[in-house]
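As a plain string of letters, each chain reads:
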Amino acid sequence: MKKVIAREKLPELWKSLAAKGPLFLPIQEGPVVLFQPWSEGAEANLDAVNTAVSAKDVFLPREETYLQYRCSGNQLELIPVENAEPVIAFGVHPCDLKAVEMLDKVYLDQEPSDELYRQRREKTTVVGLSCREPDPFCFCNEFGINPADAPGADVMAHLKNGLVLLEARTDKGKALLDQAGDLLQDGSDEKFEAAEVKTADFGLNLEGLPENLKERFEDPVWDELYKSCLGCGVCTYVCPTCYCFDVEDFGHEGEGQRFRCWDSCMYGHFTDMAGGHNPRAGRKERVRQRFMHKLQYYPETFNEIACVGCGRCLRSCPVNLDIVQAIKALGGETVEQR
Amino acid sequence: MAERNVESVNKVREAVSQDLLGGRIDLLLGWEKGHYWWQSRPLFARSEADLEKLAWDSFCAVNLSRYLLEELKDHDKVGVLVKGCDARAFNRLLQDNMVRREQVILYGLPCPGMLDYNRLVEKAGGAPLEITEENGRVIIKVGSGEQEAQRDDLLLDKCKDCRYPDPAVYDQLLFSPQGEKEVTERFKTVEELEEMSAEERFGYWEKELSRCLRCYACRQACPFCSCRECFVEQENPRWQGRAYQPSENFMFHLVRAYHGTGRCIDCGECERSCPVDIPLQELNRKLIKDINELYGDYEAGLDPEQEPPLLTYRPDDPAAFSEK
Amino acid sequence: MSAALNETAGGWEPLIVSFCCNWCSYAGGDLAGTSRMSYPVNVKVIRVPCSGRMNPMFVLRAFQRGADGVLVAGCHPGDCHYTSGNYQSRRRLSAFKRLVEFAGFEPERFEVRWISSSEGDKFAEEMTSITEKIKALGPNRKMRDARWQSVTSKV
Ligand code: SF4
Ligand code: SF4
Ligand code: SF4
Ligand code: SF4
Ligand code: SF4
Ligand code: FES
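Residue numbers (the working numbering), protein chains in the order written: chain A, 1 to 338; chain B, 1 to 324; chain C, 1 to 155.
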C-alpha cells in the first residue's frame, strides 16, 4: 500500500494518529530534537538526522513502573501494571530501528523473555524514515546499514519534494495508513526509493574484531584508552543499543511501586555489591566493559557487533572518546606503552 | 589560522617538551585532535612521540585540570596546559584540598575563546569543510563557497561571557595575556528570568529540566564536584531517587547548583557536557549574582587565598529574609 | 507527614514544616505552649540542633513529600549556642531562599526567622503568620512528588 501526504498537512496527520494513543516523533525541544510523544503545539522535526537521544525510549522507556504493591498486616498484595497501549513511533531512522532489533535479541529471543518489553514492542507500529543527508558523525555504512531503507519498519517513509511518501509493509502498517483515512492520497504513481546515502568513512576494519578481542581483556590498550573518560555515562544514555537498567522502589508505609530505569556501566555504583565490593573498581574497567560489550560479548552471543554507527557517542561525549576511537585503538593501531 | 596554529602549537610543544623529556614532570595533560578538525580530546603525554600529537587551536574546550584528581594518584609531578577557566578550576581543586600546588606545573595559555561547531554549521548553512582565522574574523569553507563571520559570534556559550581568559595561576605563561574582558551579558538571562512571575519561572524550569537524562555528566565534568560520595548516589539517606519525575529533576538540579554557591568558577563545562543542552549556567550564575549582591564581589577560582563566601561570615551580614 | 493529612475530602488545610533550632526557637515554641498561646495545628515542628544544621535538602524533601510551606527558625544572630551556626546559616539560607524562588517557588513558601527561647509570643505570631500566608496562596504543587500523592491518597 502506497500513500502520500503533503508536508504542510502533517500536523493534521499527527492529530489524527495521536487520537488513538501516544505518537512518538522527533520533536524540537528547545535546542535539541528528542523522540517524544506528540501533543498539540509540539514542533515535529523530520529533517533532523538523529535525535539527541535514540528512539529506544519508545521500546525501553527510561522509566517504567512494572509492579505496585500494598501490604496490610502480613498480607502482601501485588497489583500488576497494565502499561501497553498501542504506540506509533514515526520517523525512526534505519540505524535506530536496526538497534531495536538488537534489543529484541536481548529482551525477546532469550528465555525468559521480558514481558513488558514484549507488550510494548508488539503494540508499537514503527514508521521508518530514510535519511537524505547524513551528519558528519553518521557511519552506519560501516555496519552494512542502508540509510535509505529500514527493513524492519511497518511503514517506510521518505521525504521528497515537499511530500512524505508512505509505504505500508506489514498489516500493522496498513492499519496505520487506514487509520489516517482521507488525509492520505494514493501514491502508487510515486517512485518509492530514496537516493543512496554515503556516511562517514572512518576506515574501520571490523572483520574478525570480536574474535580477536576474546584474548584482549588484559591488553595494555585499556591502560590508555580509558584515561580521558569522565565516567559520565552520556555515551550509554544516548546510545540506541545500550539496554541496561536499574530497579528501584518508591513507597511509603507498606505501599508503593517498583520501577526500572536506565542505568549505565560507566557508573561506579552500577556494580556496587552488598558488602562493599565493586568488581569494576575504576574507570578503566568500566570503559573496557562498555567497549567489550559492544565489540565482543554481544557479538559472541548474537553474532553481530552492538553498534549501528548512529554517531551519537561521537557527537555527545564531552571529551570525544567514542566507539570509533576504541575500534581503531583495538584494531591494530598501536598505542604507545609506558 | 593554519599558520598561527602551527606556530603556536610549536611554541607550546617546545615549552613542555623540555620539562617532560628532562624529567621535571612525569606526565603532561594537553589536547590532541579527535576524528575531525573541530574535535579535540585530552592527551596524556609521556614521550616525545606523544607530544607530536599535541594540539592547541580553537577547539580545545575540555578542561584538563579535573584529570589531576586521578593522575596525581599515579604520578608525582604533572604538567597541565591551562586556559583561563582551567586555571580557575585548578584553584578550585587547590582550595578544596584536592591537589597540592607543588605537584603540578601549570603552563598558562591566555585563551582567545573556543569555537562552537554547531555555530559554524549554522553560520555556514551546512557542514563546514575547514576554517581559517585572521584578525577576529573566521572564514568558513563550505561545499558551495565561503562564509565570513566574526569570531566572537562563533564562540561556545561557555566562552561568550568569559571575564578572565588569562590564567589566574601558572608557572609559565606561554603567550601574551588577553587582559580582563568586559562582559555585558553574563547575567542577562538570569535577569530576564528574575523578571518573570513565580509561575512562569517554574514553568520555564519544569520544561527545561524535563529533558534531563540525569546522567550526571554535568557533575562529572565539574571541577567543584569532587566529593568522594555525591548526594546523588548516597544510599542512606536516599536523597535522590532515579525516577524521571519533575520532583526528582528539581531535587538534583537545585542541590547540584547550590553545592556550587561561592564555589562555581563559571567555566561552563557542565553545560557544554550536557547532551540535551540544559541551561545549567543560569542556575550557577543566579547563585554567583546573589552572592555578589549580598556578600560582596567574589570570583571563585581567581585567588585561592580569598575565603569562599559560604565559609565565612560577618556579624552584620544582610539576609534575604526578614530579621525582625 | 503525609499528603493525605493536608488534602482530605473535606477540603484543604496547609501543611507547614518548621525546622526549629533546639536552643532558641524550639524552646520558644515550648514557652508558647506552656504560656497557653496558641498557634495553628498546621505547623509540624522538627527539632534540629542548630539552624546551622539545616541541610537545604531537608527543605526540598519536605516539598517533595507534601509541605505547602517551610520555615526555619533559629537563635538571633549573636546568640547561637554554637557561636556561629546562625551566622553561617544566614548566608547559606539567604542564597538558598533566592535559589528556590528562582526555581519558581513563591517567596512565602520558604522562610527563615530568628526566634529566641523567651519569645513565645513571637513563635506563635510567626507560625500563625506563615500559615495565613500559605492559606492565601493555596496548596503547593511545585516539586511535590506525584507518585507520593497517588500512594497516599489511596490509603
Ligand atoms: S566515554 Fe565519554 S560519554 Fe562515555 S562516560 Fe566516558 S566521558 Fe562520558
Ligand atoms: S556505540 Fe555510539 S555510534 Fe554505536 S550505536 Fe552506540 S551511540 Fe551509536
Ligand atoms: S548533563 Fe544534562 S542531562 Fe545529564 S544530568 Fe546534567 S543536566 Fe541532566
Ligand atoms: S558548575 Fe559548571 S560552570 Fe560551575 S564550576 Fe562546575 S562545571 Fe564549571
Ligand atoms: S553535587 Fe554536591 S555532593 Fe555531588 S559531587 Fe557535586 S558538590 Fe559533591
Ligand atoms: S543554636 Fe540556635 S541557631 Fe545555632
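Since the hints were made in silico from the structure, they are not lab data. All of these numbers come straight from a predicted model, not from anything done at the bench. Virtual Cβ for every residue (Gly too), placed ideally from N, Cα, C. A hint or two may mislead.
Now the stretches of chain A that chain B is said to cover, found in silico as 3 or more residues with beta-carbon under 8 Å [stated by the list, open to error]: (1) 103-113; (2) 169-180; (3) 201-207; (4) 246-252; (5) 314-320.
For lysine to aspartate or glutamate, the following EDC-like pairs were computed, each having C-alpha atoms within a straight-line distance of at most 20 Å [said to hold, decoys possible]: (6) C:Lys133 x B:Glu71; (7) B:Lys53 x A:Glu224; (8) A:Lys284 x B:Glu323; (9) C:Lys142 x B:Glu206; (10) B:Lys207 x A:Asp57; (11) B:Lys73 x A:Glu40; (12) B:Lys289 x C:Asp121; (13) C:Lys122 x B:Glu52; (14) B:Lys73 x A:Glu63; (15) B:Lys207 x A:Glu224; (16) B:Lys73 x A:Asp57; (17) A:Lys174 x A:Asp201; (18) B:Lys123 x A:Asp223; (19) C:Lys142 x B:Glu130; (20) A:Lys284 x B:Asp74; (21) B:Lys324 x C:Glu13; (22) A:Lys284 x B:Glu71; (23) B:Lys324 x C:Glu125; (24) B:Lys207 x A:Glu285; (25) B:Lys207 x A:Asp223.
Now the hints, each set against the structure:
no.: 1; hint: 103-113; verdict: violated (count 0)
no.: 2; hint: 169-180; verdict: violated (count 0)
no.: 3; hint: 201-207; verdict: violated (count 1)
no.: 4; hint: 246-252; verdict: holds (count 3)
no.: 5; hint: 314-320; verdict: holds (count 5)
no.: 6; hint: C:Lys133 x B:Glu71; verdict: violated, 54 Å
no.: 7; hint: B:Lys53 x A:Glu224; verdict: holds, 15 Å
no.: 8; hint: A:Lys284 x B:Glu323; verdict: violated, 53 Å
no.: 9; hint: C:Lys142 x B:Glu206; verdict: holds, 9 Å
no.: 10; hint: B:Lys207 x A:Asp57; verdict: holds, 18 Å
no.: 11; hint: B:Lys73 x A:Glu40; verdict: violated, 54 Å
no.: 12; hint: B:Lys289 x C:Asp121; verdict: violated, 37 Å
no.: 13; hint: C:Lys122 x B:Glu52; verdict: violated, 72 Å
no.: 14; hint: B:Lys73 x A:Glu63; verdict: violated, 37 Å
no.: 15; hint: B:Lys207 x A:Glu224; verdict: violated, 40 Å
no.: 16; hint: B:Lys73 x A:Asp57; verdict: violated, 39 Å
no.: 17; hint: A:Lys174 x A:Asp201; verdict: violated, 37 Å
no.: 18; hint: B:Lys123 x A:Asp223; verdict: violated, 40 Å
no.: 19; hint: C:Lys142 x B:Glu130; verdict: violated, 48 Å
no.: 20; hint: A:Lys284 x B:Asp74; verdict: holds, 14 Å
no.: 21; hint: B:Lys324 x C:Glu13; verdict: violated, 27 Å
no.: 22; hint: A:Lys284 x B:Glu71; verdict: holds, 13 Å
no.: 23; hint: B:Lys324 x C:Glu125; verdict: holds, 12 Å
no.: 24; hint: B:Lys207 x A:Glu285; verdict: violated, 36 Å
no.: 25; hint: B:Lys207 x A:Asp223; verdict: violated, 41 Å
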